[in-house]
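J.: Model the full structure from these sequences, guided by the hints.
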Amino acid sequence: MLEARLGRAEAMLDIIALEARYARAWDSGDGNAWADVFTEDGVFEIAAVGDRPPLMVAGRDQLSDFCREFTAKFTGVHVPGLPLLEIEGDEATGHLHFQFVAIGRIAANHSMSRTACGQYDVRYRRTETGWRMLHRLEKAFSSTRSEFFDF
Amino acid sequence: MLEARLGRAEAMLDIIALEARYARAWDSGDGNAWADVFTEDGVFEIAAVGDRPPLMVAGRDQLSDFCREFTAKFTGVHVPGLPLLEIEGDEATGHLHFQFVAIGRIAANHSMSRTACGQYDVRYRRTETGWRMLHRLEKAFSSTRSEFFDF
Amino acid sequence: MLEARLGRAEAMLDIIALEARYARAWDSGDGNAWADVFTEDGVFEIAAVGDRPPLMVAGRDQLSDFCREFTAKFTGVHVPGLPLLEIEGDEATGHLHFQFVAIGRIAANHSMSRTACGQYDVRYRRTETGWRMLHRLEKAFSSTRSEFFDF
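Protein chains in written order, with the numbering used here: chain A, 1 to 151; chain B, 1 to 151; chain C, 1 to 151.
Treat the hints loosely; a few may be bogus.
As the list claims (entries may be wrong) - As a list, the in silico EDC-like pairs of lysine to aspartate or glutamate whose alpha-carbon atoms are at most 20 Å apart: (1) Lys73/C - Asp30/C; (2) Lys73/A - Asp30/A; (3) Lys139/B - Asp121/B; (4) Lys139/A - Asp51/B; (5) Lys139/B - Asp51/B; (6) Lys139/A - Asp51/A; (7) Lys73/B - Asp30/B; (8) Lys139/C - Glu86/A; (9) Lys139/B - Asp30/C.
Derived by calculation from the structure, the hints in this document are not laboratory data.
T.: Here you go:
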């Protein structure tokens with residue numbers, strides 16, 4: 001009984017750490033560390049908003065490539081807010097908001113800075129090596145962009 | 001002894017989830033879900049800052065209306081920071097900082113975007129259905145506003 | 001066994017509270033409260049970035065003075081994101097991201113506003129009065145500054 005209650009508290013704390021690891025891995029451009037936050041068959045999705053198409057990346061190899069290619073051009077800092085977590089045995093769901101500040105070097109004479117915020121809806125699964133993300137949906141709410149043309 | 005310690009940890013995690021629920025409910029414009037974060041007689045206050053008058057909303061019906069009316073015009077994303085919580089039996093206090101990014105449609109040809117940050121001081125009470133907010137004071141520190149006049 | 005697991009969960013929650021206390025103490029300009037977040041011989045460092053020199057402040061008296069002198073000119077709000085914590089007995093490490101919004105009165109007719117974000121790498125130690133910071137390294141990623149010359 002105590003153990004079950006403690007297990008739930010530990011799951012919440014482990015998922016908080018997993019969310020922090022997600023932010024750190026992406027922001028340091030470490031594709032493998034970022035992919036490792038997901039399950040083997042984990043999926044990262046970005047919802048279509050405004051005139052932007054949706055995006056879906058599935059599986060650790062693709063996740064790792066996606067992170068590496070993106071962060072080669074755009075580096076930034078995620079600030080993850082407090083999560084709303086619901087634990088059900090070895091499965092969990094989460095909802096949290098974030099801010100992301102980034103700079104990008106689009107070409108030799110074209111750079112930009114961007115501030116975005118939005119929300120994540122996440123499904124987690126407990127694996128033999130700890131909690132991982134099964135599915136993560138990112139939905140941007142705002143994106144403020146400054147571009148610089150260095151002629 | 002172990003149970004008392006575990007109870008305190010659970011209270012902290014439940015209040016973290018309550019704070020996340022507050023953000024999610026407001027940002028999805030769900031007046032009833034937002035009011036349900038408070039006790040039946042819960043109070044939401046905004047402190048007077050600069051030339052802005054204070055505001056006070058008390059009781060679930062009024063809280064629900066307040067959220068619905070505000071979010072009909074202004075939609076946004078709250079990013080809640082880590083809270084400083086102090087638990088005393090079935091009562092608790094919290095202090096946390098936040099950022100809020102919003103867009104508003106003030107009239108057909110007048111819209112705006114706004115970024116604000118500030119702090120919350122909160123008193124929580126444990127009820128039969130879990131932790132709720134008895135009193136929440138919001139104090140804005142900054143508000144950056146861009147207005148658009150679409151003539 | 002259960003007690004060791006609970007101890008780890010409590011350590012994580014206490015460090016989350018310590019991080020919130022760090023933000024609150026600085027943002028309220030309370031030098032002593034801010035210094036008290038560190039151990040007696042605690043060190044706060046800011047990494048060199050861009051053309052900015054590094055900075056190091058060691059020991060509670062110096063930490064308290066540093067906070068008081070800075071906040072006499074610049075007041076602001078820190079929003080700390082979720083931390084990645086690793087606990088090892090009475091020692092711990094943490095990594096978290098933050099946003100900081102500030103206004104400054106540089107001179108009677110010169111003021112500014114600033115939004116910064118970045119990351120912290122922290123080493124914590126459990127003392128007789130609870131967890132404290134042994135070493136905190138702040139690394140800014142971005143700093144957006146608006147200056148106002150009131151002639």
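J.: Would you mind marking each hint as holding or not holding in the structure?
T.: Status of the hints after comparison with the structure:
Taking the CA atoms of lysine 73/C and aspartate 30/C, the gap is about 13 Å. The hint holds against a cut of 20 Å. Distance check on the hinted pair: lysine 73/A and aspartate 30/A sit about 13 Å apart at the alpha-carbon level, within 20 Å; holds. With a C-alpha separation of about 8 Å, the suggested pair lysine 139/B and aspartate 121/B falls inside the 20 Å cut-off, and the hint holds. Between lysine 139/A and aspartate 51/B the alpha-carbon distance is near 35 Å, which puts this suggested pair outside the 20 Å criterion.
About 13 Å separates the Cα atoms of lysine 139/B and aspartate 51/B, which keeps this hinted pair within 20 Å; it holds. About 13 Å separates the Cα atoms of lysine 139/A and aspartate 51/A, which keeps this hinted pair within 20 Å; it holds. A distance of roughly 13 Å separates the Cα atoms of lysine 73/B and aspartate 30/B; the hinted pair therefore holds under the 20 Å criterion. At most 20 Å may separate the alpha-carbon atoms for a hinted pair to count; lysine 139/C and glutamate 86/A exceed this at roughly 33 Å.
Note on lysine 139/B and aspartate 30/C: the hinted pairing holds, with a Cα-Cα distance of about 18 Å set against a maximum of 20 Å.
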